[in-house]
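Number of protein chains: 2
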Amino acid sequence: MLIDDLQAVLPPEVLVRDPDVLRGFAHDEAEWAPWTLPEVVVRPRSAEHVQAVVRVCLKHGTPVVTRGAGTGLSGGANAVAGCVVLVTDRMTAIHEIDPVERLAVVGPGAVNDDLRTAAGEHGLWYPPDPASSPWSTIGGNVATNAGGVCCVKYGVTRDYVLGLQVVTGTGELVRLGRRTAKGVAGYDLAGLMVGSEGTLGVITEITVRLRGKRAPERTVAGYFDSTVAAGEAAAAIRAAGVVPSALELVDRHCLLAVDEWKNMGLSADAEVVLLGRSDAPGAAGEHEAAVMVECFEKAGATWAAQSTDQEEADALFAARRLAYPALERLGPVLTEDVCVPTHLVPEMLARIDLAAKRHNTHIANVAHIGDGNLHPLLSTPIGDEDARRRAQAAFDDIVADALALGGTVTGEHGVGLLKRPGLENELGPAVLAMHQAVKNALDPHGILNPGKVFAFHSVE
Amino acid sequence: MLIDDLQAVLPPEVLVRDPDVLRGFAHDEAEWAPWTLPEVVVRPRSAEHVQAVVRVCLKHGTPVVTRGAGTGLSGGANAVAGCVVLVTDRMTAIHEIDPVERLAVVGPGAVNDDLRTAAGEHGLWYPPDPASSPWSTIGGNVATNAGGVCCVKYGVTRDYVLGLQVVTGTGELVRLGRRTAKGVAGYDLAGLMVGSEGTLGVITEITVRLRGKRAPERTVAGYFDSTVAAGEAAAAIRAAGVVPSALELVDRHCLLAVDEWKNMGLSADAEVVLLGRSDAPGAAGEHEAAVMVECFEKAGATWAAQSTDQEEADALFAARRLAYPALERLGPVLTEDVCVPTHLVPEMLARIDLAAKRHNTHIANVAHIGDGNLHPLLSTPIGDEDARRRAQAAFDDIVADALALGGTVTGEHGVGLLKRPGLENELGPAVLAMHQAVKNALDPHGILNPGKVFAFHSVE
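Heads up: the protein sequence lines correspond to chains A and B, in order.
Numbering-wise (full-length UniProt numbering), the first sequence opens with residue 1 and increments by one.
Numbering-wise (full-length UniProt numbering), the second sequence opens with residue 1 and increments by one.
Hints in this document: simulated from the structure, not taken from any laboratory.
Hints are supplied without guarantee of correctness; some may be wrong.
No copy is singled out in the list; a pair is fine if it fits within one copy or between any two copies.
[Claimed, not checked] Below 27 Å or equal to it, Euclidean Cα-Cα: the simulated DSSO-like pairs (lysine-lysine) are:
(1) Lys298 <-> Lys213
(2) Lys298 <-> Lys153
(3) Lys262 <-> Lys298
(4) Lys213 <-> Lys153
Using the sequences and the hints given, assemble the complete structure.
Below, the structure is given as structure tokens:
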């Protein structure tokens, strides 16, 4: 029996079988992706525990679904039939911050904001900042190659991962990557693990690159009558050669939902708000902020200014982060994550509006607009099955529109289950066959998060 | 016959069989790595030609060795028995510079400096700048994940590759990666191709990210009595939180060799020269330059100053670039490429000095010292076989020392043939087995540059 074998190699408190607790680990935050109750949950304390779990699962052919905080939005961490859910929430250690080499070594369960805080104590900065940063884990961030607000200037999780310790699909505990600034010894298998959503290995330790702390940011805001006008403002900023440290779009639906929840006194006079930031020091930052305000005005902003009130600026960014949970309070939300070439953002936003009208679906918008990464939030009234069907149809149209514009079906959330059909369309059969081959190579028994990202048929 | 089948699918001028010409494509610049004459050289003009070549080679089980300009330093492009050498020197097009999306699309044979020039005409910048940039190709840079002088601040080739068109080991022509700023649709197979040295696919087109042009650089120089003191100066700069846009070490041996060749009037009063640059705009750049000079002085520089003469500053960097060919004029040179944690650079430089003494070998040093990436140049008199044996022993000691210090056997040159033994020691059997599995998955017939990077045994 699986349970007997797990009990034989793990301390009792690592195994969880209480059905009420199992339920809490059965799925992530992706609405409507299928899930089931896991056979058992394990909460390992060490890489050796993880290795022991994988080896027992290998023996039994049992799927291993790894998860951190479960803040994923694509169903990547949803339990599959008969699986072990491996939770990293007891491997939270920040093992090391090295201020000279500018790197950190952390457990997969370390929370994103906790790493940022720890780095800050050494005058350093860990940039990747998904909206889930107060809860999501570095392991989950690596597994999905998480992005965030700062990516427009500072890149995504992939750009910060130097090395990984991983338990492989054959139960080996290995180190991939390096601690040095550069290195080209062999294939970039650490990079291959990033974004592979737990299908190629279970991450047990992460070494990330850190940057020096940056200058305080200036914030600019602009109000617009339409998402399309806001998209044009973002394109103008890019054309002007300014790389903002953040460039976010939040629409009125989101601001209202956050305000109803948190009573932050946010203005919702505008259909759409653009928030820009510059962390360039001194006069360069002043210049960037001025250029952004000018671009807002030229694109038809009804109001645009540099914020002189830090609290107000922070509240606007807090509202951006809270948009998803605020809407979720009002009913099931299906979160989109398409990314298109930046000059096609106005066109993509127009198509999202059309999809909302075509399918009579309520769509709110937040976006990392500087990256062309849009998050239409499709919300439906609780219990309205017909609205859900219409929302799904709008979701499918948006994915197809993004591909038609040369974009991708997922900018930063991952494929999980929700984007599997979109992925097949995006990659095509030859590249999908390469994925199958790599999966077979590194997980020959097909036990690691099977059925996520793409349909997988073990060679065995 | 292989030749007949190639003739049947390729225009006549694409095939080269003249033995004198074959010889010019038989090996790269790695001294002492084994090579042989190829069976035939092909110089395709299009991705379709490349695909036709790979398909014919698949039919015959013929190895395909891809090369660009042949400036590699590890033997990665050396011909193997019975192989087709595929040269990308007729696929040099810069297809597109997109100033809005800040990307370029180029053929694999486009020369690094040509891309930089073309980007510059749009106010943009392609950072990766290996010393070979006047000759080496973007395809070769991608295949080896080339670094260069600017990496200390701006990263390596990997950090700029957005997408690739590739002919796979099964003869499919596929697109990997993307044109969007972000994207996590499936495994990072484009990233996996970077640095895989032609063993996983033949690159036929490359999409790279570009940056905006930067501010003019300030240059600082410092003279030191020992490589170890210079290493301490570099560590001090890092500890001070300054990220220079270049931080290079050149020793007296190199300066003398360049001066003998080019008569540039370089001072060689010092044992070692450190060259630092800052491209921070305005006062920030002034501050960084001042901090670097201060760090030089505190570490015991015999002379240190910010250069006020742009020509002089450029001459020093030109000398850095010319060090390798200048030494090569004097006899066979074995180029090392270890990379160690930056705080261990003084220790590594001391060990290199010891290896030189232990094996009575002449070792000159250039280094991307800000990255901990050292290039000891082991040179021997022409025709002195005993000196070659001693140099090889010193080379092996340096590789072992780098691993003992937690470093890597190759920071940016690649494994090729010269670093295969070092790679095996660095990775260990479990990670090497993962490499074999990935190679088998993507090149199941084992025709792509077989025997490079690691020993490969096809599953067939």
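These are the hints, each one checked on the structure:
1. Lys298 <-> Lys213: Close across copies (25 Å), not inside one copy (33 Å); limit 27 Å.
2. Lys298 <-> Lys153: within (23 Å within a copy, 35 Å between copies)
3. Lys262 <-> Lys298: So Lys262 and Lys298 fail the 27 Å test inside a copy (33 Å) and across (54 Å) alike.
4. Lys213 <-> Lys153: Answer is both: 14 Å inside a copy and 15 Å across each meet the 27 Å cutoff.
When each numbered hint is compared with the structure, a violation occurs for hint 3 only.
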